[in-house]
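Enquirer: These are the residues of each chain, in order.
2 protein chains.
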Amino acid sequence: MLERPAYLALDSDTLPTRLGGRAELLDRLGPPATWQVREVGDGNLNLVFVVAGPKGSVVVKQALPYARVVGESWPMSLDRAFFEHEALTRLGARDPGRTPQLIFFDPAQALLAMEHLSPHKVVRRAFIAGEDLPMLGAHLGHYLARTLFRGSDWSMPTAARKADLALFAGNVELSGITEELVFSDPFKAAPLNRRTPGLDDIAAELQADRALKLAAQEMKARFCTAAETLLHGDLHTGSVMATAIDTRVIDAEFALYGPMGFDVGMLLANLWMAAFAQPGHRADAGAAARYAEGLIATAETLWREFAAEFSRLWGSERTGILGGRDLFEDGGDPAGADAALARHLAQVWEDALGFAGMEVCRRILGLAHIAEFETIEDEGLRARLERRALRFGRHLAVNRRGIASIAVASGLARGAEGQP
Amino acid sequence: MLERPAYLALDSDTLPTRLGGRAELLDRLGPPATWQVREVGDGNLNLVFVVAGPKGSVVVKQALPYARVVGESWPMSLDRAFFEHEALTRLGARDPGRTPQLIFFDPAQALLAMEHLSPHKVVRRAFIAGEDLPMLGAHLGHYLARTLFRGSDWSMPTAARKADLALFAGNVELSGITEELVFSDPFKAAPLNRRTPGLDDIAAELQADRALKLAAQEMKARFCTAAETLLHGDLHTGSVMATAIDTRVIDAEFALYGPMGFDVGMLLANLWMAAFAQPGHRADAGAAARYAEGLIATAETLWREFAAEFSRLWGSERTGILGGRDLFEDGGDPAGADAALARHLAQVWEDALGFAGMEVCRRILGLAHIAEFETIEDEGLRARLERRALRFGRHLAVNRRGIASIAVASGLARGAEGQP
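Taken in order, these protein sequences are the chains called A and H.
Residue numbers are given in the numbering used here: position 128 of the first sequence equals residue 128, and the series is strictly consecutive.
Residue numbers are given in the numbering used here: position 349 of the second sequence equals residue 349, and the series is strictly consecutive.
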């Protein structure tokens with residue numbers, strides 16, 4: 001797809017020389033001789049540099065031709081930088097201000113230069129530190145409603161929607177990672193799986209749990225076939241940076257057309273898991289419980305604001321071929337449009353619960369774990385908290401059609417120790 | 001997409017000169033000077049010629065740059081010939097012998113030469129004539145199972161499946177016809193709609209029926225977003241030619257990735273509608289009832305053979321990323337694979353009923369009607385039979401989740417006059 005005559009991975013020493021000719025950077029940073037470069041990537045797939053000069057700072061992200069989490073033995077196509085750029089452009093236009101500002105994209109070097117978010121912190125780290133992010137739920141709820149609605153056939157001109165579906169169908173490799181690591185590996189004895197000592201019994205139990213495996217297969221089929229909208233595709237709390245007043249979504253290289261509930265459910269699961277992990281980060285039980293309750297409340301806000309903003313867009317921007325305005329409002333039946341909205345939100349909610357269940361299981365039984373659990377040094381405590389989360393995740397996945405509301409889900413997250 | 005330096009519609013006089021240089025035709029027909037050309041197209045979008053020579057005969061199908069059913073005022077892209085060729089190639093490979101053999105494709109002329117099916121008859125015509133097609137249900141059931149299963153992520157390598165999804169996402173124009181004419185126009189006062197006199201009351205009633213309109217919107221969303229497999233996309237009984245011992249599927253220009261239930265439901269609906277139409281074609285009530293019962297039995301056979309063949313393929317060819325063999329058979333739980341199959345077939349069945357309901361409504365209230373009804377000259381009788389069919393179609397669409405089996409559906413088709 002891309003011409004790449006001379007891809008070469010950047011390093012801190014060569015970056016000023018190699019990018020010093022870019023006018024967009026000179027404007028923002030000052031002369032290359034003054035640039036300070038720090039490699040800050042803590043993700044799994046890329047190099048990330050913060051480049052600072054007298055006039056300001058930027059972030060430079062470059063894809064590596066292998067998966068960093070595994071090493072050079074897992075080769076990966078550089079196309080993902082192309083898909084990330086295409087996705088961030090669209091997501092940023094659909095909810096302006098909620099993604100980093102893009103400065104330039106160099107396809108040959110699989111390199112994206114963008115706004116340096118500061119003093120934003122990766123949300124997982126804020127959760128471990130116990131910081132207050134009062135706008136997080138509302139910002140993410142709005143972001144989800146706007147991006148998911150506006151990338152769909154409920155809103156877009158269908159020829160453009162179909163062209164985007166075709167474009168992102170090319171993101172085979174990163175979609176394949178999700179297909180394997182989220183929906184399959186956690187539910188079998190897979191070589192890449194790892195887990196906290198003390199969880200062998202529940203891992204074996206869940207990997208023999210037919211109802212859970214059927215749920216995993218069904219959610220995988222939804223992920224692969226329900227091409228509703230352009231998803232971020234990896235929207236956990238490590239892909240969000242925030243301050244008390246701002247929230248930004250980063251790292252969109254997993255973007256694909258899929259079901260609306262996927263992005264929603266992955267965020268909900270990561271909020272709930274952060275709540276489960278709290279006793280590992282606060283010696284005071286009351287403080288841990290209070291912060292966990294705040295995270296559960298953030299999940300409630302996220303869903304409620306999502307539903308409210310989605311409903312607003314349903315009323316005002318339902319211009320695509322699935323809008324149905326011709327049958328309802330134009331046919332003198334506006335209440336029919338409300339009924340269609342309620343059914344649609346019920347499907348997104350059911351999917352979100354199913355995907356949330358998958359996300360919980362894969363973060364504890366699969367390859368990629370979350371910092372909120374991983375940084376708990378007491379392995380016995382970590383295993384106990386992860387076990388609670390697993391029971392909760394299993395319950396969401398298997399019973400996703402019977403959990404009537406976010407309030408019910410919050411109750412499950414609070415009392416999960418008592419769940420079967 | 002295609003270079004078309006000199007597209008020109010064929011006619012019977014120029015065809016021998018223009019195609020006389022094709023070795024594939026000379027081999028099959030003999031010298032061009034001996035060719036007899038008949039234009040036989042009775043479809044809506046294309047020219048179709050039967051070309052006969054001393055050695056044999058072939059069919060030449062050429063796309064027109066407008067929709068024939070409406071006239072030159074409805075321009076249409078010639079790309080549909082490209083999509084038809086791509087689709088017939090794949091469908092023919094997935095169920096060999098069930099599509100016409102292809103001879104050559106000329107993209108510049110939007111022209112496909114293929115086997116002349118003889119003495120095959122378009123199935124609708126056979127139904128009007130009261131002919132016996134004892135293999136039809138089994139052949140079509142097998143065809144559906146093989147093409148729908150083998151074009152999906154349950155079977156195919158996923159990179160190839162995603163590439164095909166992207167390819168057929170380009171078939172925007174013909175998908176748009178289905179989206180509009182099947183799922184929207186019949187349920188509102190649309191300019192292209194037409195109907196038998198005497199149906200104004202039921203048309204108004206159904207166009208004000210919120211439950212039916214919600215079903216139409218939901219089925220349209222399934223059609224547009226559930227990218228499960230490569231569909232024929234227009235698989236009614238006018239797209240099937242048959243003899244007592246052979247069955248062929250033709251006219252695949254509407255091909256797209258969509259839900260498995262779409263092709264299944266459209267065929268079922270057309271079998272059931274042909275049954276409803278029988279009293280208009282046989283003066284003897286007993287003969288009409290017996291032939292109608294045979295059509296209902298054909299629908300039963302189609303579904304049962306579909307389910308049986310799909311189940312066989314589920315056991316033997318479930319090699320794609322949605323197969324789940326890793327979680328079930330390989331995890332010592334073969335019964336889990338059976339449970340997953342049962343759930344999948346239940347979803348296909350529910351979808352098929354919903355799409356069948358749409359097909360019935362659009363063939364009576366929308367633009368494109370079926371010969372089985374249209375050839376009934378007594379308008380009062382035709383309206384009475386169409387009214388019964390409409391009640392049945394509405395019931396299928398609205399109650400698709402509660403019709404437990406094909407036997408229940410057959411009962412509804414038999415007793416539809418008594419339905420609410």
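Take these hints with a grain of salt, some might be off.
[What the hints assert, rightly or not] Quick look at which bits of chain A chain H covers, simulated, 3 or more residues with Cβ under 8 Å: (1) 169 to 176; (2) 201 to 211; (3) 217 to 230; (4) 280 to 290; (5) 315 to 326.
Since the hints were derived computationally from the structure, they do not count as laboratory data.
Each residue gets a CB set at the ideal place from its N, CA and C atoms; glycine is no exception.
Enquirer: Hint by hint, say whether it matches the structure.
Expert: We went through each hint and held it up to the structure:
no.: 1; hint: 169 to 176; in the structure: holds (count 5)
no.: 2; hint: 201 to 211; in the structure: holds (count 3)
no.: 3; hint: 217 to 230; in the structure: holds (count 9)
no.: 4; hint: 280 to 290; in the structure: violated (count 0)
no.: 5; hint: 315 to 326; in the structure: holds (count 4)
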